[in-house]
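When the sequence shown is numbered by this note's numbering, its final residue is 299 and no position is left out of the sequence of numbers.
Note that these hints are calculated values from the structure, not bench results.
C-beta atoms are modelled at their ideal positions from N, C-alpha and C, and glycine is treated no differently.
Errors might be hidden in some of the hints.
[As the list claims (entries may be wrong)] Heads up, simulated DSSO-like pairs for lysine-lysine below, C-alpha to C-alpha not over 30 Å straight-line:
no. : residue 1 : residue 2
1   : 66        : 174
2   : 174       : 111
3   : 88        : 76
4   : 252       : 111
5   : 109       : 66
6   : 109       : 174
7   : 76        : 109
8   : 66        : 76
9   : 111       : 66
10  : 179       : 111
11  : 179       : 76
12  : 76        : 87
[Stated by the list, open to error] Cβ pair distances, simulated, as ranges:
no. : residue 1 : residue 2 : range
13  : 245       : 184       : 37 to 47 Å
14  : 205       : 299       : 44 to 54 Å
15  : 299       : 246       : 17 to 27 Å
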Amino acid sequence: MERPDIVVVGSGFFGLTIAERCASELGLQVLVVERRYHLGGNAYSEKDPETGIEVHKYGTHLFHTSNKKVWDYVTRFTDFTGYQHRVFAKVKDQVYSFPMNLGLINQFFGRSHTPDEARALIAEQSSEIATADATNLEEKAVSLIGRPLYEAFVKGYTAKQWQTDPTELSADIITRLPVRYTFDNRYFNDTYEGLPVDGYTAWLERMADHPNIEVLVDTDYLDPAAGLVEEFKGKVPVIYTGPIDEYFDNSEGRLSWRTVDLEAETLDVDDFQGTGVVNY
20 MERPDIVVVG SGFFGLTIAE RCASELGLQV LVVERRYHLG GNAYSEKDPE TGIEVHKYGT
80 HLFHTSNKKV WDYVTRFTDF TGYQHRVFAK VKDQVYSFPM NLGLINQFFG RSHTPDEARA
140 LIAEQSSEIA TADATNLEEK AVSLIGRPLY EAFVKGYTAK QWQTDPTELS ADIITRLPVR
200 YTFDNRYFND TYEGLPVDGY TAWLERMADH PNIEVLVDTD YLDPAAGLVE EFKGKVPVIY
260 TGPIDEYFDN SEGRLSWRTV DLEAETLDVD DFQGTGVVNY
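Working from the sequences, and respecting the hints, build out all of it.
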């Protein structure tokens with residue numbers, strides 16, 4: 020490819036959607052630059068050679084949307100399984116369906132509640148603190164769902180997730196804690212949901228498979244040695260999808276990104292926990 024009409028930095032969902040639309044709809048020559056050794060950004064997936072299981076290398080990606088236009092677009096590049104995401108939480112010796120729903124409330128409090136009874140119970144328990152008066156995440160959560168449910172299902176998980184005591188986290192981090200007063204335990208409420216049948220990488224490779232798209236992997240756009248900033252900046256439009264602090268050469272310091280530590284372990288069992296996700 021000679022000088023492209025547009026450069027896209029990053030080959031995740033956003034970058035490749037921009038690239039595919041510009042190539043297909045506008046007829047533009049697009050250069051996609053990816054600093055990792057593979058296409059797909061954080062959505063990259065690969066088969067584990069030992070088990071044959073499709074592994075999401077940078078954390079699980081579960082596709083869901085209620086936008087039919089989006090669904091019609093993505094199904095041009097992949098078919099989806101009928102997977103519906105469900106999450107469970109283990110507290111002491113009990114396993115509860117999550118998000119919080121009527122089944123969890125009944126099980127946790129040890130009696131059957133109608134939807135109205137459950138609403139009244141949560142309203143009573145959450146009256147300990149007014150939401151407007153909450154000064155930290157713990158107080159905000161208690162004002163939304165009450166202390167018993169907060170202590171059991173939110174406090175420990177939040178401390179692990181943020182590596183910070185919830186009393187030291189801003190109340191603005193959470194705007195609500197969803198409680199369903201039905202027995203619906205689907206994690207998402209969207210109309211369309213599933214996993215790509217042959218993995219995310221195959222899906223994203225199809226998006227990039229266009230004669231007007233060229234992909235450079237193992238190439239850091241911001242690395243002076245690559246010479247790409249000098250070649251393209253101010254000369255062609257550049258869509259940058261990478262870390263914003265790096266784009267500005269960390270001129271205001273590095274941003275404190277919240278990260279997730281991923282650890283993989285292969286167990287010699289057919290089914291370890293009976294479902295995909297259990298919060299411990």
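A quick look at each hint next to the structure:
no., hint, in the structure
1, 66 / 174, "violated, 35 Å"
2, 174 / 111, "holds, 14 Å"
3, 88 / 76, "holds, 28 Å"
4, 252 / 111, "violated, 56 Å"
5, 109 / 66, "holds, 29 Å"
6, 109 / 174, "holds, 13 Å"
7, 76 / 109, "holds, 25 Å"
8, 66 / 76, "holds, 10 Å"
9, 111 / 66, "violated, 34 Å"
10, 179 / 111, "holds, 17 Å"
11, 179 / 76, "holds, 21 Å"
12, 76 / 87, "holds, 28 Å"
13, 245 / 184: 37 to 47 Å, "holds, 43 Å"
14, 205 / 299: 44 to 54 Å, "violated, 21 Å"
15, 299 / 246: 17 to 27 Å, "violated, 48 Å"
Violation of the numbered hints given earlier is confined to hints 1, 4, 9, 14 and 15; the remaining hints are satisfied by the structure.
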